[in-house]
Amino acid sequence: MPDVSQITADALATVLENVETETPIELDASTNIFDAVDSFTIVDLLLETEGRIEAATGRYVPLADETIFDAEKSPLKNWSSWTQYVEKCIAG
Amino acid sequence: MWRNALQGEAERAELRFANAAIRGIVTTVGDRMVEFAAEAPGMGLSEAEVARLQRAIGLNRRQIVSGDETTSDLCAHSARRLFEGCGITADQCQGLIFVTQTPDYAAPATAISLATRLGMPVTSLAFDVRLGCSGFVYGLAMAYSLVESGLNRVLLCVGDVASKFVDPTDHAIAPIMGDAGAAILIERKPSAASFQFYSDGNGERALIIPNSGVRKTPEDEGMPALMHMDGASVFNFTLQRVPSMITDILEYGAKEPDAIDYFVLHQPNKYILKNIQKRMKVDDAKLPSDTQSVYGNQNSASIPGTISGFLSEDYSTRRLTSLFAGFGIGLSWAAAIVETDNIYAPATFTGIKD
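For the record, the sequence lines run as chains A and B.
Counting with my numbering, you get residues 1 to 92 for the letters of the first sequence.
Counting with my numbering, you get residues 1 to 354 for the letters of the second sequence.
Chain B extracted, bound-state conformation (with noise of 0.2 Å):
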């Protein structure tokens, strides 16, 4: 079903940065704990069921938003409380990345109030970027980008509030979804990384919101717009690419497996983690995969969540050699290896606290 030959067809998405950094990383989720086991019986599961989802995928518990609360608000907060903590102000940031597939609006584009919101002036840049699990790899290459460019910071904001997009009774994704907005601030500074991309949209129905754009289908006429997953080929694919993609990924950045203090991986199932792990061969206290128990699945978020969740302490007291690597809707995945060193990164927050 997908393509199968990736090198030799064409020239491939790859970039190198040696002037960009991460300074500092916040995220924010929502504030309301959703527990499997309470909410299983209201999606029709019986015990025995509730148990087998919890063993074959990690299902344990979420944070979503209780209330109206949006991606942009969860992410407005970590934008804040990362200025504070980096010391800057907003107009010391020239430009905004909002990554999210739930954004304020269909239109405009949410990243331009969202910098208003936080203070930046208006000769900033702002623009949306419709992304899901890959998407905080997009996202950082091309804020790495700009700085490159010639800007000196950029604030890079990414997330969903994947749990109004789902159905509350579908077993199959509701309990997977989480809801989290992370802001992470990029700026000029020398520090090595790497980057690769890939695309396919023939896995464009494998996760998919039917009836939610322009374009109407035969086969999409009655459903809702909710989004649908195809479980097997997400799977499928997740097995078949990802391995690879991280072979790949320390290939050209010339890295050896050893040399990467953390794999930090977009988080669907604990399943999928522990398989590429022991695939991979790498120690079970590199690869952390207690986002999606924890947390739920929280997109685009689900990197910087995990750095906020369960790596706090390392990312903010030491200098780290991270592979990063998102995956999944579009179907969509890119990998990083990206040097931090002392970075602020706070413990994750949980719930607006403005």
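One chain only, chain A, in its complex shape (with noise of 0.2 Å):
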């Protein structure tokens, strides 16, 4: 497994030099960020999440499900819970 907190943060790192948001998003355990980007971010965040987990495991996994836009449900609505539900893509 490779060290997904380090590719999750590093995702949103890039993604986020791109991007103007109102308040400056500074990252911890609970960290909201569905509610702090647009839908464009999250789209952009997926694939560069993807991507990077693409590189440092030779497989393509698919982070975006029913839950990733649900305005409730989101895994994206807390950092922690972001962080292992890439975990569990990985792991498949």
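Because the hints were derived from the structure by calculation, they are not lab data.
There could be a bad hint or two in this list.
Only pairs whose alpha carbons sit at most 20 Å apart, straight line, appear in this in silico EDC-like list of lysine to aspartate or glutamate [to be verified]:
#1 Lys-278(B) to Glu-66(A)
#2 Lys-281(B) to Asp-65(A)
#3 Lys-278(B) to Asp-65(A)
#4 Lys-278(B) to Glu-87(A)
Here chain B is said to cover these stretches of chain A; the calculated rule only asks that three of the stretch's residues, wherever they fall, bring their Cβ under 8 Å from a Cβ of chain B [as the list claims (entries may be wrong)]:
#5 35-41
#6 44-50
#7 53-66
#8 69-82
Just so we're clear, the structure is a prediction, and the values are computed from it rather than from any experiment.
For glycine and all other residues, C-beta sits at the position ideal for the given N, C-alpha and C.
Using the supplied hints, reconstruct the complex from the two chains, each of which is provided in its own coordinate frame.
Here it is, written out as structure tokens:
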């Protein structure tokens, strides 16, 4: 298993380089990314994270499922949930 | 937000046909090509944001009409080329279904004047259907129903000049939309087809043109009559509903995924399509996903538009089993498994050339 925490954090940092947010995003376990960025940025984050996972594992792991854009259930509403979600996707 | 239980709560809207088939498909797109990178500064987007949107949803270029052409003009052009290619005349067609959200007028129905413009006799039936991205599958099922019920041929026209119902400076929606009108000829012939349909008005506001009809609500006060999209809700709907719709239509049509030659889906953006393709474990080549990047979102014309734009040779020369899936505004979604056999399917026409 690759270092998923590092992958998700690096992916977010890359995506946010090109995004202006109302208030700066300070990343900790409870950070809510879902409500801080627009839907295109979420897609960009998914793509960036998927690309980094593919580079680390040699296989494409689709991260978007029916919960990602759900305003109540999205794992992106809490950073630690997001990392756990990505780990689960990689584990299959 | 959406209805959760689909099965078990009611009898499903699903149809099977055995005596109707597609004879030909023609698509005409707007004559003006707009490069996303060129229009982006006018939307207040930086180079970095352009790169982000190009990567995230595959925005590249789109085809829109340059003048006052309407959806019915694009469809009329497609229909004339279709009649010529199939070697029939308009009076050999007994019905016209026009699926669009951009009719010539709020009233009367555009299908009636379109039928007359094409030379169809007064003994034809003609009516409009107000649907968006699911509209091709719905229209196809209605045409199949009419043919199975007794008509020999029905002309299905689908499309939108969507560039006219978006704010050109709104970067969330303007660079997505393309203009297209497709014509599809359906005639009586032994051929198997299965359809399933879904509707959920709880998602009415995910994609909406406020102040565009009779209803006035306080929340819409002051809003222009232009398409408004709640991007996250639309993504959520698509990821939630489309994979299960594909699984269900395969089961209803008694087909294994390997038996499908092409999965031709509505083309909202590349990421969504890639995600569905990977989750459904479908080969890249079987699920085309470039339509948005070349023509823009063609709404109800996106499925025929994808066939005309990228699969013309295969549909013209082979017997194929296709899975069609349309999904979007409404919320409305529908899928079909359809057989085609060497149909008339020329490459996309760019602009009206009458």
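How the hints compare with the structure:
no. : hint                    : result
1   : Lys-278(B) to Glu-66(A) : holds, 14 Å
2   : Lys-281(B) to Asp-65(A) : holds, 14 Å
3   : Lys-278(B) to Asp-65(A) : holds, 11 Å
4   : Lys-278(B) to Glu-87(A) : holds, 18 Å
5   : 35-41                   : holds (count 4)
6   : 44-50                   : holds (count 3)
7   : 53-66                   : holds (count 5)
8   : 69-82                   : holds (count 3)
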